[in-house]
Each structure stands twice: as structure tokens, then as C-alpha cells.
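> Chain residues, written in single-letter form:
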Amino acid sequence: MPTKIEKDIVTGQETTGHEWDGLKELNTPLPKWWVYVLYATIVWSAVWFVLYPSVPGITGYFHGVLGYSQRTAVDDAVNAVAAQRAGTMDRIKALSFADIRKDPQLAAAADTAGRIAFANNCQPCHGAGGGGRPGYPALAAGAWIWGGTLEDIRQTITYGIRSGDEKARDSQMPRFGLDGVLKPDEIQQVADYVMTLFGDAQPGKDVSAGQKLFAENCAICHGEAGQGDREKGAPRLASRVHLYSDNRAAVVAQITSPRMGVMPAWHTRLDDATIKSLALYVHSLGGGE
Amino acid sequence: MSRISKADRQLQLQREEAGDHLYANRVRVYPKSVHGPVRRFKWAVLIVCLGIYYLLPWLRWHRGVNQPDQAVLLSIWHERFYFFNLEFWPQDIYYLTGLLIMAAITLFLVTSVLGRVWCGYTCPQTVWTDLFMWIERRIEGDRNERMKRDAEPLSFDAIWRKGLKHAAWLGIAFWTGGAWIMYYVDAPTVTMEFWAGTASSEVYFFTFLFTATTYLLAGWAREQVCTYMCPWPRFQSAMLDEQSVTVTYQGWRGEPRMRGRRHEEAPAGDCVDCGACVTACPTGIDIRDGIQLECINCGLCIDACNHVMERTGRPKWLITWDTLADQAAKAQGRQTTIHLLRPRTLIYMSALFVAVAVMTVALAMRSSVGLSVLHDRAPLFVRLPDGDLRNGYTVKIVNKSPDIALFELRTEHLNAASLAEADEGLGPASRLGLMVKGDSVGTFRITVAGDPEHLVNGSQDIDFILRNADTGEQTVYRSLFMGPR
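In order, the protein sequences belong to chains C and V. Each residue of the first sequence is one higher than the one before, counting from 77 in the numbering used here. Each residue of the second sequence is one higher than the one before, counting from 174 in the numbering used here.
Hints were generated in silico from the structure; no laboratory data involved. Incorrect hints may have been included.
Between beta-carbon pairs, the in silico distance windows are [claimed, not checked]:
| no. | chain 1 | residue 1 | chain 2 | residue 2 | range |
| --- | --- | --- | --- | --- | --- |
| 1 | C | Val111 | V | Val221 | 48 to 58 Å |
| 2 | C | Lys100 | V | Gly463 | 19 to 29 Å |
| 3 | V | Asn239 | C | Val119 | 48 to 58 Å |
| 4 | V | Leu579 | C | Thr148 | 28 to 38 Å |
| 5 | V | Ile249 | C | Trp120 | 47 to 57 Å |
Note that the Cβ used here is the ideal one computed from N, Cα and C, for glycine as well.
If we strip away everything but chain C, and leave its shape as in the complex, we get (with noise of 0.2 Å):
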């Protein structure tokens, strides 16, 4: 509460009649443009609010005159991004792998599209990178059930596993243990044979009996030594990377009642440029053949 306004002795300026213990606060006017300044901001604010969306209604809200929306921005910068690569990715759709890469410039845009698109739609299942998650390939690792080359992965991407795409990658493995085309300890014999083809097996057990097993049902798709076969789509199973894990109860699971997992065909909602890109990208990942 302002009590008595008085000249202060050092400074001959006024007090503004506040006093705190003792304290007394001078009175050291702003200069006047300052404040016109303060003014101008505020006629700059009333422009602001009558061109600009400012006052919010029920059921929507005053759009200012010049109608600005950063929804329309966004969608005005996304047309525009797309139309300055319409003709990349004419390019891209229209040359071949080979072709592309000898053009550094398309390569790169290449790249960048398809590390976009990779992030987009193949991450939540392959990982960033292509590093893989249980039950989904790692691509980055090189050990490809159908196939590695540019084409191979852009026919997966297209048209997908087990995707009921009628072009679709298709393998079913037989469920040896659910029908009952092993016994019980059959499938024990044939999981400690395999559980040898990649060197965690138990030293000094004779896996004779699972080998046979093996050769009888198995060798068929998953060859001699396992080493796979792309053509139906067998994994390799002599490898350190494997699909659903690689401990013996893995295996035995497996086989007694295999997962086999789906990839959709992206031709349905993916242009062909895109996937494309998508195959250069993945290709790039480091398992690329």
C-alpha cells in the first residue's frame, strides 16, 4: 500500500510511495516510446488475431481471413515434396536395379526412400536396421530363407509369405509330432541331431538315431547336412541364426508342431518404386547377396 510519495535527498527523484522495512522504491519512469512500443505489439496482436485462426467456437472455431490452417501447410508441403519426386521415382520404377545404382544421385534418393518406407511399414516386425526380433528374420544378418538378391527380395516384399497372395512365397512344414509322424522320443533323437549342425550339442552323445530320423524326414527339404534349400523356402538350419530361436526345446517345438509365420504382400499398398527403393534398402542392410 503506497503511503507517502517524497523527493529522495541522494537522487532528487520521487519515491512511488512504497516502503518495505524501511525500503522505499524510486520512482524511475520508463520513457514514453517505450511504451508506444508495448502499444504497437498490441495493435500487431489485434492484426494477428483477425488474420489468423484465433477465436475458438463450439463447434469450430474463426478461421481469420486469410485462412491459414497448418493442417493445409502440411499437406500443401507434403504435395509439393511428393512432386519434386515424382520424377525420381519415375526413374526408380522405371530402371533396373543395375541402372540405378550406377546413378549416385538415384541411388541415394533411392536409399532414403527406402529406409523412409522401411521405418514406416517394415520396422514394427524386422527392427530398426533390420536386426530382427523372435519369430521375425533379422535381414541384416544374411540368412535368407527365400532368397537374398535384389529380386528374390523384391518378390518377397511384393507378394509376401504365406500372405494368401495367390504369387505369394508358400512352405508348409509337416507337424511331425501333432499328427504323429514321430513319436515323442523320435522327435527327442532328431532335435539332438540338429542341435550338432550349428555345435551346441551335448559332447560325446550318440545322435546315430536322430541322424537316420533326420535323413528319412527331414533331409528331404532341409538337405543332408542342413544347409536348406531357398527353392522351398527350408531354412538353413547349420547356421547361429535361426528363426524361432536356437535351444534344444526351440527345436523340439518346431517340430512337433511348427510355427511358420506370414508376411503380407505389400503390392497392395506400396507402389512400385517404393518397393523398389524397399529392396535397395534392405539389400544395403549387410546381407545383401
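Could you slot chain V onto chain C? The hints should help.
Below, chain V without anything else, positioned relative to chain C:
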């Protein structure tokens, strides 16, 4: 029925008396021209500062074919800062930090020794205001003439003089804004483009922006910038002490001040209260009130006062450069010495020395090769079918030399390491040869596969060793190799 207490009524009265005191009218300052050694020195500093500012962009400096030949060029478009023989890249930004630290400490040091000489002599606000005031005096005349004309009703004489003044101000402001742009783009080129109308919109925008700010700040705002906008006057008091040499009115000699004849009748000081120091002051203050916020320590009042002292037959330097401690001693008839070396200045000096030493060493040891290795965030590692682990890295090689160079990259501390670069189809091999164009950064996606033997909690150190195949210059970058925990 009135319930207003006596105190309240008194307050109300006081407020009415105070009138429109919430905001102050600007008191126009009409500085009078002065002549003397301080003024001459100030002109010299002004000419040097403005000369450097306006002419430096035109100084040429040969750097080789396809290199800019401007001595000082901050090329934002090409991300290079050229300073005579030196060339800085964006990653050298810490030199700017070092420069700013040195500038700040120098400012502290100078202020603690000599007061606000920066404000009075070299601050752009002061320099351009001084220049604009000189033009004002040339066209409109000195203080009295200007005050008289401003008080009279508008006449033809006033209109053409003011018109000419503002035109001259705008001309200089435009030259100033244009010179600013020339530090960012090649001066002769941008000058031609500017008048041909083909310069970029940024060039026009910033030229006119700096034209406007120069015109407004030096022509119109002047001392208001120092008093109300600039933070420096607020914290200068933290650097000043009783040993700082500042512009000082020697009160012990001047007081009691007296005007004209009265002087002979009573014992009086040397100050004849002529007001010459006040009318000369570009910020419109009275130096006799002591050191104060508005004083920019320019010393023009010294020249003004010396002139009067000479004419009235008194010793010069009634207003002078001195310290508070010295003044207090002189008032008691003692002599003291000025202490330039005291804890404050010694601390500033040693801080400045450290900053200069660090920056000089850093500048001298600048390598023409730069290597940075960034481990992939995802996946952290990939298990390969043969059981090895593979990590991905983004390797950036900075080639600061003007020529294309071949670099050899290898790793250490990883068992059976094999490197590969997919885009160029290099590797897998134990060492890779990477070409980087001159004066540019080469970015490579490198994968390293191997059998890590020393994994602790899923990671181990790996050294990337880069060797310039031509010069043999070698750089090492330590990164991580990751694996399962």
C-alpha cells in the same frame, strides 16, 4: 459522506501533482561539438573502426583455383569461414566459443582498468551515433542553432536541412547494411548482383534490415539504446572498483562551484558552473554528479572543460581520467598511485592468458584430417550365420586439403576383423581404401565383422585407425563393438 482519511487525501494530492509521471518524456539531447585531444583520439578510433568495417570485405586474398579470394568471408552457403590464411569448418565452431570467451574476458579486463571505454569509443552504437551526429552538425549546425530551429515553427529552412540530414543518414545506413552482407557473400559479386536485381531475396532482406536498424539506432534512438536497451551499463558496476580509471570530475578542486563574478567574493572552487561539460555530453548527463549508469566514459566533457579552464586562466584537467581511490586521497591532500595490478585485474589477465594459450595451441595443432565414427543405434549388432558378430558404423572422414586423397581405414582390438563398405562394394577386407574429395567430408557406411573376445556387459573397445595414404598422417578414433550381454 466522505470516509477518505487524511493520509489518503494527501496521497491523492501528491499523485495529482505528479501528473503524468508514470512514463517520462524523452529529453532531447543536443550535444555541442568539442575540440581537443580526446575528441581527436575519438575521431581516430572512429575512422579506424569504420574503415575496417567498410573496406575489409574488399580485401582480396589468393587461395587457389575455385577458392574464394575474399580475405574475410563467412560463407554460410558453403559452410566455411575464411580468415586470411585460416579456413574454418562448421565443426571448428568451438574456435568461435573461444573467441567469444576471449572477447568477454578482455572486456572485463579493460573495464576494470579503464572503465567503459568500450562503450565510449568502440561500441558500434557509439561509433555510428558519433558519425550521424557529425552529419547532423554539418547540415543543421551546432547545438544552439539546432535547438533554436527545433523550437521555432516549421520553416522551409528546417525542412530542407532535415530532409537532407535524413537522406544522408539513410545513405550511410544503406552502405552499412550492404557492407554487412559483404562479409557473407563475395563483395564484388554481390554488389553487381544487388544493382542488377539478381541477388537472392536474403541479400535484399538483410541489407534493408541492417539499413533500417542503423538508421533507427544511430539516428533516432542514440543514447536511449545505452540507457534503456543495453544490458552492459547494468552489470558494469560488477567490474568497476575504486581503482578503475574513469572520467571523473575532481570535486575537491571544483567545489563549491560558482558562476562569474561571485567567484571573486567568496572562497570558491575551480568550477565556473558554465555547463560546458553537460552540453557536450552525448548522453545528456552531468558528470559532476559522479559516475553513473548513463556515462559511457567517452571523455568529451574533458575537452569541453579544458577549453573553459584555459580561457578562464585556471589549470586544465578539472575533469580528468582518475580513480575513486586517487580522488579520495587527493581530496585529503595525499598523493596515491594508480594500481593497475590488483587481484581483480590479475584474475582477468590470467583467465585471458589461459584462454589465449588454449586457443593458440588448438589452432596450431589443427589437423587437416578429421575422423568421426558413429556406431549404429539399431541394430546394435547382428549375429552372422557363421557365428561371428557384425556391427555397423557411419564413418565420416574430413579432408581439409584442397586435393582428393586416399585414406586407409583399419581397426584394432577386434579379433579377425573384416571391414566392408556396401555402397562402393569394398571389402570384406582387413583394411579399406577410401577416397575423399578435396575440401569435403566423405561419409561411409562401414560394417565390421569379427569375433569379439573381450566383451564386458555386451561391449568392448575398438579403435578405428585412419591413415592418409599420401602424407602418412594418422588419426585414431575409439568406438565400441557391441555384442550380446
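> Does each hint fit the structure? Answer for all of them.
Here is what the structure says about each hint:
The hinted window of 48 to 58 Å between valine 111 of chain C and valine 221 of chain V is violated, with their beta carbons roughly 39 Å apart. Evaluation of the 19 to 29 Å hint for lysine 100 of chain C and glycine 463 of chain V yields a pass: the beta carbon distance comes to about 21 Å. Against the hinted window of 48 to 58 Å, the Cβ-Cβ separation of asparagine 239 of chain V and valine 119 of chain C comes to about 51 Å, which satisfies the hint. At roughly 51 Å, the beta carbons of leucine 579 of chain V and threonine 148 of chain C sit outside the given window of 28 to 38 Å.
At roughly 29 Å, the beta carbons of isoleucine 249 of chain V and tryptophan 120 of chain C sit outside the given window of 47 to 57 Å.
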